[in-house]
Structure formats: structure tokens, C-alpha cells
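Novice: Sequences and hints are given; from them, build the entire structure.
Here the protein sequences line up with chains R and F, keeping their order. As numbered in the numbering used here, residues 1 to 474 make up the first sequence, in order. As numbered in the numbering used here, residues 475 to 807 make up the second sequence, in order.
Keep in mind the hints are simulated off the structure, nothing from the lab. Please read all numbers here as calculations on a predicted model, not as lab measurements. All C-beta atoms in this analysis are idealised placements derived from N, C-alpha and C, irrespective of residue type, glycine included. Where hints are given, some of them may not hold.
[What the hints assert, rightly or not] Pairs of lysine-lysine residues, derived as DSSO-like cross-links and limited to a Cα-Cα distance of at most 30 Å, are as follows:
no.: 1; chain 1: F; residue 1: 682; chain 2: F; residue 2: 606
no.: 2; chain 1: R; residue 1: 112; chain 2: R; residue 2: 332
no.: 3; chain 1: F; residue 1: 594; chain 2: F; residue 2: 606
no.: 4; chain 1: R; residue 1: 258; chain 2: F; residue 2: 737
no.: 5; chain 1: F; residue 1: 594; chain 2: F; residue 2: 682
no.: 6; chain 1: R; residue 1: 41; chain 2: F; residue 2: 594
[What the hints assert, rightly or not] Computed footprint of chain R on chain F, listed as stretches where at least three residues anywhere in the stretch have a Cβ under 8 Å from a Cβ of chain R:
no.: 7; stretch: 476-488
no.: 8; stretch: 584-598
no.: 9; stretch: 604-610
no.: 10; stretch: 727-739
Chain residues, written in single-letter form:
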Amino acid sequence: MDIKATNYFDEMRIDDGKIRDIYQHYQHWQSNLSTGTLERKSAEAELLFRRLGITFAVYGESSGSERLIPFDIVPRIFSRTEWTRLELGIKQRVRALNAFLHDIYHEQEIIKAGVISKKQVLGNALYRPEMQGVDLPNQVYAQIAGIDLVRVAENDFYVLEDNLRTPSGVSYMLENRNTMMRLFPELFASHAVEPVEHYPQMLLDTLRESAPANVSNPTIVVMTPGSYNSAYFEHAFLASQMGVELVEGQDLFVHQQKVYMHTTDGPQQVHVIYRRVDDDFLDPLVFRPDSTLGVPGLLDAYCSGNVSLTNGVGTGVADDKSTYFYVPDMIKFYLGETPLLSNVPTWRLSEKDDLKYALANLPELVVKEVQGSGGYGMLVGPTSSKAEIETYKQRILKDPANFIAQPTLALSTCPTLVESGVAPRHVDLRPFVLSGKDIRLVAGGLTRVALSEGSLVVNSSQGGGTKDTWVLEN
Amino acid sequence: MLSRTADNLFWMARHIERAENIARVLDVAHRTSLLPRDVEETEANLWYAPLNITGCAAGYEDKHGLARASAVTHYMALDPDNPSSIYTCLKMARENARTARSAITSEMWEIINATWLELKRLSEQMDYDYEKFPDFFDWVKDRSHLFRGVTLGTIIKDIALSFIKLGTFLERADNTARLLDVKYHILLTEKENVGSSVDYYQWGSLLKSVSAFEAYRKIYRDVISPLRVAELLILRDDMPRSLHACMDEVEDALLEINGSAGKEALRSAGELHAALHFGRIENIFERGLHEYLTHFLGQTYSLSQNIRDAYLARQDRFETLPIRRAGQSQQQT
Numbered sequence: 001m002d003i004k005a006t007n008y009f010d011e012m013r014i015d016d017g018k019i020r021d022i023y024q025h026y027q028h029w030q031s032n033l034s035t036g037t038l039e040r041k042s043a044e045a046e047l048l049f050r051r052l053g054i055t056f057a058v059y060g061e062s063s064g065s066e067r068l069i070p071f072d073i074v075p076r077i078f079s080r081t082e083w084t085r086l087e088l089g090i091k092q093r094v095r096a097l098n099a100f101l102h103d104i105y106h107e108q109e110i111i112k113a114g115v116i117s118k119k120q121v122l123g124n125a126l127y128r129p130e131m132q133g134v135d136l137p138n139q140v141y142a143q144i145a146g147i148d149l150v151r152v153a154e155n156d157f158y159v160l161e162d163n164l165r166t167p168s169g170v171s172y173m174l175e176n177r178n179t180m181m182r183l184f185p186e187l188f189a190s191h192a193v194e195p196v197e198h199y200p201q202m203l204l205d206t207l208r209e210s211a212p213a214n215v216s217n218p219t220i221v222v223m224t225p226g227s228y229n230s231a232y233f234e235h236a237f238l239a240s241q242m243g244v245e246l247v248e249g250q251d252l253f254v255h256q257q258k259v260y261m262h263t264t265d266g267p268q269q270v271h272v273i274y275r276r277v278d279d280d281f282l283d284p285l286v287f288r289p290d291s292t293l294g295v296p297g298l299l300d301a302y303c304s305g306n307v308s309l310t311n312g313v314g315t316g317v318a319d320d321k322s323t324y325f326y327v328p329d330m331i332k333f334y335l336g337e338t339p340l341l342s343n344v345p346t347w348r349l350s351e352k353d354d355l356k357y358a359l360a361n362l363p364e365l366v367v368k369e370v371q372g373s374g375g376y377g378m379l380v381g382p383t384s385s386k387a388e389i390e391t392y393k394q395r396i397l398k399d400p401a402n403f404i405a406q407p408t409l410a411l412s413t414c415p416t417l418v419e420s421g422v423a424p425r426h427v428d429l430r431p432f433v434l435s436g437k438d439i440r441l442v443a444g445g446l447t448r449v450a451l452s453e454g455s456l457v458v459n460s461s462q463g464g465g466t467k468d469t470w471v472l473e474n
Numbered sequence: 475m476l477s478r479t480a481d482n483l484f485w486m487a488r489h490i491e492r493a494e495n496i497a498r499v500l501d502v503a504h505r506t507s508l509l510p511r512d513v514e515e516t517e518a519n520l521w522y523a524p525l526n527i528t529g530c531a532a533g534y535e536d537k538h539g540l541a542r543a544s545a546v547t548h549y550m551a552l553d554p555d556n557p558s559s560i561y562t563c564l565k566m567a568r569e570n571a572r573t574a575r576s577a578i579t580s581e582m583w584e585i586i587n588a589t590w591l592e593l594k595r596l597s598e599q600m601d602y603d604y605e606k607f608p609d610f611f612d613w614v615k616d617r618s619h620l621f622r623g624v625t626l627g628t629i630i631k632d633i634a635l636s637f638i639k640l641g642t643f644l645e646r647a648d649n650t651a652r653l654l655d656v657k658y659h660i661l662l663t664e665k666e667n668v669g670s671s672v673d674y675y676q677w678g679s680l681l682k683s684v685s686a687f688e689a690y691r692k693i694y695r696d697v698i699s700p701l702r703v704a705e706l707l708i709l710r711d712d713m714p715r716s717l718h719a720c721m722d723e724v725e726d727a728l729l730e731i732n733g734s735a736g737k738e739a740l741r742s743a744g745e746l747h748a749a750l751h752f753g754r755i756e757n758i759f760e761r762g763l764h765e766y767l768t769h770f771l772g773q774t775y776s777l778s779q780n781i782r783d784a785y786l787a788r789q790d791r792f793e794t795l796p797i798r799r800a801g802q803s804q805q806q807t
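Specialist: Below, the structure written as C-alpha cells:
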């Protein structure tokens, strides 16, 4: 792999400026629009989103407590052939990750085989000893996974990270599609875009399958930290799409290892909790005692098998950026298969040689905290000043094991509507993978786009936008 | 239904209804201020009425002193510091809707959200500009009507709707009773004054504030008399904002919900309703209108508390057992 910061894969145009087949039809349509149409539609889309209240909160920003995530109205397009290849790779990866979680909370074969060290697993802050020996339905820990992918060449995709805790963004995938269909019905008439709208139904099926074994008609709820959480819109959206209650910790209580919610007609038992609350806040008796978001006794009920939590407790040990390094090994170890999707080369700064290399090459590297997420606290070498790099270096030196480094990837670009017109901007992709009795995903995902020219940071918390993602039937 | 969701639906409806009622009260005060007044009736006198109806006179005086048209209007319509301004009510309604987002329809949420966004925009433009307010009051009423229409047109008829109705009609009954109470002295005018043009306008504006002026004409086809005004707004069940009509709806909603813990709420709603159903206006006047209304407000307040305890703030426990810590039972597997 040769990654040069100036040589990007353009998903719409070939080097000589010709349009790739998959974008031909779209480009033809776009070139026939009268001037200002896209801008007008874009303003319309913003109005729609604001009216629908599709907002998110940015932490550490008091004035912008409710912001719109910028929506780009140029779709990102994949062919069915490309998608099938991705889909296989994603499913393979999620299968291996769930097998890994089951293994480390049971026999720990992978440690015994010497593939991964005991310290890497048991010494990880996100490993939950409480989960040791606990059997989960379908042996699945991460029922909902978000796998972040980037593309660097025609057939070259890399997994940037696995999100196995409470991955968010799926409501944007659905609302983006909804908005596109409202704004451009004619585009959907002329393109065979595979649907994504059945995601909530698939999610509901997955949650049903995740119920404790002896429950035939489970009561399912979505659990949110509350209306001030940045992803509250999504929690409410999913609950309402599935027709289930949206609860907070204060609505639940545990009695004799069973979980109940306070309803207008008294207590009602709950069997599956799609929780969007982090492990740390789930149960003040076991985790953070100061948490008011959780339910005392919840973990006990969970470990007794009377209630299912999705995602399971303790999945963080597998999506940690230092464990990431081992995922290709997990695929070989558990599935006996060759990984279909590659990992980004990663230097673990806990290792002496890796640290030495990284410190010497910081201006070319991306450095991340092992347990960080949301694009917070990372260093993008090529776009940082000398002073910023120096400050970051001091942070690394204080605790090298808390960091990993990766080459600055040449993220592919997609046409995007910006002030100067339609121009290429860097994108990534998060498909949402559901694991119950089967592994399922819809043909699509959340494409995130870095809106400023040259920027490689796509996180919405860092001012990135989103796009509708199309898979066209062959 | 989740208790907290029911609570938010109930309050969402109450806040919207309250915003509409404040707009009505202010609208009437504005109209009245344009009419010829008795010499002794000062501007302050006139503008204390809306403050008293909504119970925010003290808060107003702390901030602005004597009641003046523009200050009272702004305080009650747009002041975010006033816990019962239209601004605060619509803000709270939106918070309630947001929290109960998964229990209401997209169309309902869009109306409430769009109303709030528009209100923020309007409030920046309006400030103390007295002239613009009549249009603003119409807008508030329109949004409230729109919300009710969208609700009835989109939500399924289950207990979510019942809690919304409960909130709407309890709030409306409360408001009509307060409105009457503040004006009760003009309904008790001496015989010889009846028919004077001043009274005509006073009663007329009272009727208009609850959209009952046309109904009065239709039903009684006669001059406006205090006894009939009171009868219309208290006892007539065909008048949508009368106490009787409101309690009809409240009782219906409680019957639909029919939860095991709601016996006391249903009983007291039934009692209130029966009194209105079989009551006679002459008896009410004999007893004293003010006393009657004070009693009614006390009863609806305790009904609200019953509803709260039975449905909206449930904290059931089976019995208090120590909860075992996770990990203690794991060896079973």
C-alpha cells in the first residue's frame, strides 16, 4: 500500500476527469439542473431537518446545545458488486469479534493459544470480570455494531475502527434517505436504489431474538440517558419506529433479579433493553456509584439471565483501539478464514520500537487514544502545527500505552456541495451490523464527510456532515 | 404506558392549552383597553385582571411595578423569566413532547417543534411593540388549534390520547373557572345597571375570550344577562369551554384509562361532573359565585393530584428487599 497525502481516490471521477460508470446517470441528471437548484434544495433540506428536530448536542459548547448535523445532498453511490464484497467482509469481522468476546468471557482459548496476551485482555480497563462465565443468548455480545470503513483505492477498503458499545448514527442513515426521497423523487424513479427503510424492523427482530431463552413474547425497551444526551433524537426515533417504550434509568427497578418498568398500570416486566447508556453508568451498585442514569441491581438481573442488554456488558474490550490490532488474528483463529477487509497498519505505543518510530514521525501520523471515540483527543499530524504536535508528544510520553499511531490515510473523496459548488471531499462509511440468530445489515450505512477542503476528520462532533449512501442494484 | 411518558403527554397538552388561554386573556384585555372606560377604572386596574387570572401578579410587580399595558403584555406573552408566559409554556410543551417523542406522531412533534422555532424568531422581532400583539395572539391560538387537529387526525385512540385529553380539559376547566372568578364582580352587578353599555362590553369581552359570544347569541337570542353568562360557562355541556363540557371530557378520559390505581381519581371526577350535570345556576348564585368557583378550583387541583399519584408519578415497589450485588450469584452457571 502506498498512501500519499496528495493522491486521493475520487469515487466519481477517473484520473482523466471522466465519470465512473456508477455515477454516470447521476451526473447526467445533475448537469441538466438549472443553476442554483442544488443550493435551493440544500436549504430546503436544512429546513426539513430543523423542523423534524434532527439535532445533536456538541459537548463542551454551551451555546450550540442543539445543532443540526450538516446534510450533503449529493449521494454517495456503490454498485451491488462492491457492496456484496464489503458485506461479506463486515459480517466476517463481526462474527469473529463476537466469538472473541464469548471466548474471553469463557474459556479464553485465544489467550491459551498465545494469539493475544493475557495482559491485553484481562488488563484492559474495559474488560468486565463480572461477565466471566455469563452465558448470553445466541452467544452474541455486540448485537448492534458499527464498523467504520475508509476507502483508499478502487478495491481497497480498510477498517478504521469497530464500534461495539453503543454505536450511533443509524437515524441519520434513515432520515437522510427519507429527505433525499422527499427532495428528489425523480432520482429514485430513475435509479434502482436498494432500500434501507426496513432497518428498524430488522433491529426489532434482532432484539426479539436476543431475549432470554424462556421468554416467548418479550417486552422490549430502548434505554436512553435522557433528553440532554447528544444522541437523544436517535433513541426516541428508534423507539418510535419500533413501537416500543423509551425509558430512562429512573423508570426501571429491579426486584428479585427481574427488571420492571413503572407504567400507568403498575410494574411491568422488561425482557430486552436496547441500552444507549455506557457500561459505567448502568448500575450504581457495580459500576460508578454516582451514576443516576442507571438502575441498581441491573447487572445482577442481567447476569442471572432474566433480562438481555443489547449491547452486552463488557464489549469495550473488543473495540478498544489496541485490541483492534488483533482482529485479523481473531478471524483466522475463530473462523479459520482469511480476513476480507484489512486493518490499517497500527503502531501500538506500548511497544518500545513502535513508540520510537511514532515519536520520530509524528507529523505524518494520526495518533489516537486507545479508548477514545468521536474524534476527540486525536492528533492528525499533517494538519497540525509544530506546537500542537509538541504538546501532544508530551501527552504521549506521560502514558505511551494509552495511544496508538496510524499512517494518515488517503480517504477517498465524493462530490459534495460546498460554497464554491460541487467539489470532492473526504468520506468514510459506517454500516450498521445486527447480530441475533443471524447477522443482518441493510444495503447502505452512514457516510460521513469532512466538509472543509483537505480535512480528513469526518466526525460530526468535529463539524463533519453526512450523506445518503446508495447501493444500486445491478 | 410508561408513567413518565404519560406525565409528559399530560403536561404537553396542559402547556399548549395554557398558552392558548393566556393569549385569549391578553387578547380580551387589549380589546377592552380600546373601549370607553368608567372614569375610576385606571389602566392599572384593567391590566391587573390578566395578571390575576394566571396568578403571576407578584412576579410582575417585582419586575415592573405598576401594571401597564405594554409591560404586562410582554411579561405574559414573551418573558422567559415568567414561569407562566406563553413563551415558557410553549418551551415546556416542546420539552415534554421531546421527552415523549416516541409516544406522539411525527406530525404532532413537527407542529410543536415548528411552533417553538417560530416563537423564538417572533420573540426576537416583537419586543415591546404593542401594535403587533393582536396578530401574535391569533397566531398562538392558531397553533393550538392546529396541534389539536393534528393530534386527533394522526394519533391512535389509545391511552396516550386519553392523557392528552386529560391535560387539555383539566387545564381548560381551570382557566375558565379563573376567568369567571376574576370577573365575578361584574356578573353580580346591581339590577339597575343591567343593560348599561359598559356592562354590555364587559360581558361581551368575557364571552369573546372563551369564544362564547356567538354561542350566547345562538342559544339565548336575548340581551346579555349575568345569570346566563354564568350558566353558559359553567353548566351548559354544549359549550366547548364550559366547566361542564370540560369535566365531561375529563371523566371520559379517566374511564378510557381505567387503571387499577385510578379509582379515587375517577370517583372525584365523577362527583365533579355530576354536580355540574345536575346543578342549577340559581343555587350557585345563592351560595355565592366566588365561593363556588374557589371550591371548584380546589377540587380540580386535588383531582390533578389524584391523577398524578395514580398514573403519572408511579414509584411502585413490591417490597423492600436488599438487592444483591452482581457477582454473588454467578457460580450457579
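Novice: Which numbered conditions among the earlier hints are violated in the structure presented, ordered from lowest to highest?
Specialist: 9
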